[in-house]
Every structure is written in structure tokens, then in C-alpha cells.
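Peer 1: Given chain L, put chain D in place with the hints provided.
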Amino acid sequence: MTDAVPRDPVLSTSGITMIFGGLTALSDVNFSVERGSITALIGPNGAGKTTFFNCLTGIYRPSRGTMVFSPEPGKSFGLKKLAPDRITWLGIARTFQNIRLFNNLTVLENVLIACHSRMKAGILGALLRDRRTRDEENAMAEFSYRLLARYGLGPSANHVAKNLPYGAQRRLEIVRALATRPSLLLLDEPAAGLNIAETRELDDLIKYIRANESLSILLIEHDMSLVMSVSDMVYVLDYGSLIASGPPDEIRRDPKVIKAYLGED
Amino acid sequence: MELFLNLCVGGLTKGSIYALIALGYTMVYGIIALINFAHGEIYMIGAFTALIFSMVLGALGLTGWGLLFSAGFFAVVYCAMYGWTLEKVAYKPLRGQSRLAPLISAIGMSIFLQNYVQLVQTPNFLAFPDLIPDLGFLSGFRGVASKTQFAIVAATAVSMVALTLFIKKTRIGMAMRAVSQDPTMARLTGVNIDKVISTTFIIGSMLAAVGGLLIGNYAHQTDFFIGFLAGMKAFTAAVLGGIGSIPGAVVGALILGFSESFAAGYISSDYEDVVAFVLLIAILTLRPDGIMGSATTQKV
Numbered sequence: 044m045t046d047a048v049p050r051d052p053v054l055s056t057s058g059i060t061m062i063f064g065g066l067t068a069l070s071d072v073n074f075s076v077e078r079g080s081i082t083a084l085i086g087p088n089g090a091g092k093t094t095f096f097n098c099l100t101g102i103y104r105p106s107r108g109t110m111v112f113s114p115e116p117g118k119s120f121g122l123k124k125l126a127p128d129r130i131t132w133l134g135i136a137r138t139f140q141n142i143r144l145f146n147n148l149t150v151l152e153n154v155l156i157a158c159h160s161r162m163k164a165g166i167l168g169a170l171l172r173d174r175r176t177r178d179e180e181n182a183m184a185e186f187s188y189r190l191l192a193r194y195g196l197g198p199s200a201n202h203v204a205k206n207l208p209y210g211a212q213r214r215l216e217i218v219r220a221l222a223t224r225p226s227l228l229l230l231d232e233p234a235a236g237l238n239i240a241e242t243r244e245l246d247d248l249i250k251y252i253r254a255n256e257s258l259s260i261l262l263i264e265h266d267m268s269l270v271m272s273v274s275d276m277v278y279v280l281d282y283g284s285l286i287a288s289g290p291p292d293e294i295r296r297d298p299k300v301i302k303a304y305l306g307e308d
Numbered sequence: 011m012e013l014f015l016n017l018c019v020g021g022l023t024k025g026s027i028y029a030l031i032a033l034g035y036t037m038v039y040g041i042i043a044l045i046n047f048a049h050g051e052i053y054m055i056g057a058f059t060a061l062i063f064s065m066v067l068g069a070l071g072l073t074g075w076g077l078l079f080s081a082g083f084f085a086v087v088y089c090a091m092y093g094w095t096l097e098k099v100a101y102k103p104l105r106g107q108s109r110l111a112p113l114i115s116a117i118g119m120s121i122f123l124q125n126y127v128q129l130v131q132t133p134n135f136l137a138f139p140d141l142i143p144d145l146g147f148l149s150g151f152r153g154v155a156s157k158t159q160f161a162i163v164a165a166t167a168v169s170m171v172a173l174t175l176f177i178k179k180t181r182i183g184m185a186m187r188a189v190s191q192d193p194t195m196a197r198l199t200g201v202n203i204d205k206v207i208s209t210t211f212i213i214g215s216m217l218a219a220v221g222g223l224l225i226g227n228y229a230h231q232t233d234f235f236i237g238f239l240a241g242m243k244a245f246t247a248a249v250l251g252g253i254g255s256i257p258g259a260v261v262g263a264l265i266l267g268f269s270e271s272f273a274a275g276y277i278s279s280d281y282e283d284v285v286a287f288v289l290l291i292a293i294l295t296l297r298p299d300g301i302m303g304s305a306t307t308q309k310v
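So the sequences go chain by chain: L and D. So for the first sequence, the working numbering puts the first residue at 44; every next one is plus one. So for the second sequence, the working numbering puts the first residue at 11; every next one is plus one.
Excised from the complex, chain L in its bound form:
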């Protein structure tokens, strides 16, 4: 394992351990994401990858360990005791392996909901609809439209989300995550269920996000060609422990990784 400590991590965890009853799902995970990088987390099914995401986003509270998130250089926050909406507000957004859109809301509303986490006006403003609130809401709507247009979803803004084709739903889920204006985007198996052409589009999309939005990406993925193509750094998780980390080329040849994926002979 290469132990190069990134100089400016957007996220670093140390000793993250998650125990469910008698089952240790994560054990002593020390992990970091360099600011501006695309980092991949790979590993066989059941290795604890999604559990790790759930810890980062406040859905689970790890049994032990610390998680530090630094949305911009010089600022850092411990994540362990925060509620999910607070973590989103600080700047971590995520997508799910099985797409979780608000199916009965329109495409635009899905994005608007996410935008609203950044609004200043409160409940009273929403009811009284004073000028400032309306201006802010209009600005949010415009921002959402532009975001949808930029990611090719402009024409379907008023469609109900569940009627979109699968690939577009995946794209919308990513756009919704971007609408919270994250500094760290977590993608949980974005290629799951996509065909070859759609996976290629996703590859372009991730690179486009990296080039155009100033954020870092942490990616869980099974599709190795995608991982090798987009990531700067790869971590490998097996049975809840990190077994390797390094640049993609190194990981591809690592005997421990090959063993974890293919079994011992």
C-alpha cells in the first residue's frame, strides 16, 4: 500500500469502524480524497463500500473513528455527529446505486428541492412571499433551468421524473446532487444498469463535471474500464478493510487486488 498522504485532502477519515450487531462492516478505514481529484473506491460485493458512503453522509453513525471534511482550504468540519441535511449543506452530495429520484415530482422540481437547501429565506418567507423571497426563488429556478440545460435535460424539465429513460434518470440524479453545490460529490455505482453506450456517456459526463465544476469526486464503481479511465487514485476495500491504494495502473497489477476479486487458486 502506498502511504502517500495527500497535502490538501477535501475528505479524510481515520479509523472508521462500523459494527452492526456482531458484524463488522468497516474496520479501521483510513482514507482520503485529494482536493480536485477523482478518487475511486472499489471492491467486491459486500466489501462495505456503500456502508462507507452511508457513514460519510450521516445515514449511519460509525462506531469508531473520525471523518473530517474540508469544503475549502483552511476550513474543516468533523462529520460524525451531523445530520444528513447538515452534511449536504456543508457540501457533500451523493447519488445512489439504485436510482432514488422523487419519482412523482417533475425533473425541475427534483433539482429545485436540492437548490432550496441553499436558500436564506425561511418558512415565513415561503408563506408571505415577500419580494426578497420571490427574487431568491426566481434566481433558484433560473439556476435549476440552466443546470438542466447544461446537462442535456432542459427539454424534459417539466416531465415527471419516473417517465424519463433510465440513462436520463441517472443523469438527473447526478444533476440533482450538483444542485446542492457540493465540494465533494459521491457517486455510488453510477454505471450500474447502464449499457455500453450509456456508460461511455457517463465517462464523458464525469470528466465534464471535473472540468467545469470545481469539486472533487469520490466514486464507487464495478465497471473497471470506467474506473481506470476517470480516476486519479483508487482505493480497494475487501471485507471492510482497505487492502490497497494507489494510481489505477498500479492497482490493476496489485496481486492482493486480483486475489480479492478472483479468489485464491
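A portion of the hints provided could be inaccurate.
To be verified - Taking lysine-lysine and the BS3-like style, the derived pairs with C-alpha atoms no more than 27 Å apart in a straight line are: (1) D:K178 / L:K205; (2) L:K123 / D:K205; (3) L:K123 / D:K98.
Claimed, not checked - Taking beta-carbon pairs under 7 Å as the criterion, some of the chain L residues facing chain D (in silico): (4) I156; (5) A157; (6) H159.
Just so you know, the hints here were simulated from the structure itself, not pulled from any lab data. Heads up, the beta-carbon is just placed ideally off N, CA and C, and yes, glycines get one too.
Peer 2: Just chain D, lined up with the frame of chain L:
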């Protein structure tokens, strides 16, 4: 023919009251999957508050529409505070526990509020003044619809439109729809779920307060126990329509109101509750998720 028309108007009136209460049940269920059994008591408190404020404001010299609307306003605000407090005191501390815990807490709150009003106010029936001014244009409908019945249906219709606009058009309404579909995901997109839950309780309680004010005028009396049966019926209406569904609650309430009215008119008023609950059993046997409810699969 006149009997038929009278029964229709009676059914519509009853259905409207049930709908105002049923919306509170269905909205709370939609957001946190809790049957708020104390909701009927909010409606009862609405009737009491409207009565008390109408007495005080009437003594201060207010009359006519001014009296009706100011008493209504205070009842609505007072019940909104009750609803908000109820959630903070009885349900919020139990969030994340088994679903039975807040349910028991709801039943406890229901009994508590009934007894509280009984002790602080009175165990007897109180006469409720007629607050609704004469509506001149109704004279042509004499014998078909009374001014109170008209006011009930009109107030309910206005409340429904306001609620629909709130849920469709405002940010919080959108957040409520998102939370009812996927609470975890809503939190991950930055929705403050506490605010959404509080708002849901506040709005449900406001609608119940309107119902309480109207039923007082209709029945000309109130007591601490009116929330129990009305709450049961409204809950039935919500389940009938598909609990969690807002249009479902209204449809369920109207079906219940009409069937009670017709049972009372054509069979005997002793049978109105029997018909209501037989209907519930029949519909749930054929459509377990209610008329407008959709079969949901539990996510793991």
C-alpha cells in the same frame, strides 16, 4: 325528490367536515407514517377555542362576519400552536423508535387532551352560538340547504384550494411531497425534515380548527368528547381513500358522508355508523390500499 336533495346536501356537509379532519390524518401519515390519534382532539379544541373567542369578541362588540372571521382566525392560530407542540412533545422524542411507540403516545395524548378539556372547561355540553350571518341569496333554496350547510361546504372548498396551492406551488409544499416519497433522500438533498414535519402538523391542525368551528355552528353545541367519534370517522375516511393520499382523503370523506346521510335518511339514523364501518370493511377487502392509495413496496 326533496328528501333525496336534502340527503345529498346533508352528505356533502358531513363529508366536508370529515374531509377537513381526514386531511390532517393523511398528511401526517404521508410524512412520518404515524396515525395521529390525537388529531380528533385538535378538532375538539378548535370548536372550544372558537366558542370561547366568539364569546369574548362578541362581548367586546364584534358582530356578523367580523366576529365569525376573527373567532375563526384565533381558533386556527391556537390549534396550529397545539399541533406544533403536540408533535414536539409526544412524537419527536420517539422518532426512530419502533412504529408502535409514537402510536401509543398518540393514544395517550388523545386521552390526555380529552380529560384536560373536561377538567379545565366542563364535562357538560356547551351551547354554541350561531356565528354565520344570514346569506340572502340562499332564500331561493329554502328547505334544501341551510346557510350553515352552505358555509361548511364553501369553507371546505376554499380550504382545499388553499391546501392544493400550498402543496403544489410553495417550496415547503414541494419539500413535503419529497419527504413523503423518500425521507432519507430528501434529507440528503438538504431538506430540513424537522421543519417539514412541524409544518405538516401545523397545517393539519389549522384545517381541523376550521372543521371544529363549523361543526359547532352546525350542531349548535360542543363538548370535550366530540373529537373521538369525529376523529374515528375521519380516520376511516382517510383509510377508505388510501391513507397518505390527499385527494384520497377528500374522496373517502365524501363517500363516507354521503353513505351515512343516505343510511340515516332511507333506513334509520341508528344505522348511519353501521353503514359507515361496513363500507370501510367492504372497500378494504376489495382494495386494501384504499380507493386512491397505491400499493407500495417497502424499501430495504
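Peer 1: Each hint needs a verdict: does it hold in this structure or not?
Peer 2: Against the structure, the hints come out as follows:
1. The straight-line distance between the Cα atoms of K178 (chain D) and K205 (chain L) is roughly 18 Å, inside the 27 Å bound, and the hint therefore holds.
2. Among the hinted pairs, K123 (chain L) with K205 (chain D) is consistent with the structure: their alpha-carbon atoms are about 22 Å apart, no more than 27 Å.
3. Between K123 (chain L) and K98 (chain D), the direct Cα distance comes to roughly 25 Å. Compliance with the 27 Å bound is thereby established for this hinted pair.
4. This hint holds: I156 (chain L) has a C-beta 5 Å from the nearest C-beta of chain D, less than the 7 Å allowed.
5. Residue-level restraint check for A157 (chain L) holds (minimum Cβ-Cβ distance to chain D is 4 Å; threshold 7 Å).
6. Given hint, H159 (chain L) at the interface with chain D, holds; its Cβ is 5 Å from that chain's nearest Cβ, closer than 7 Å.
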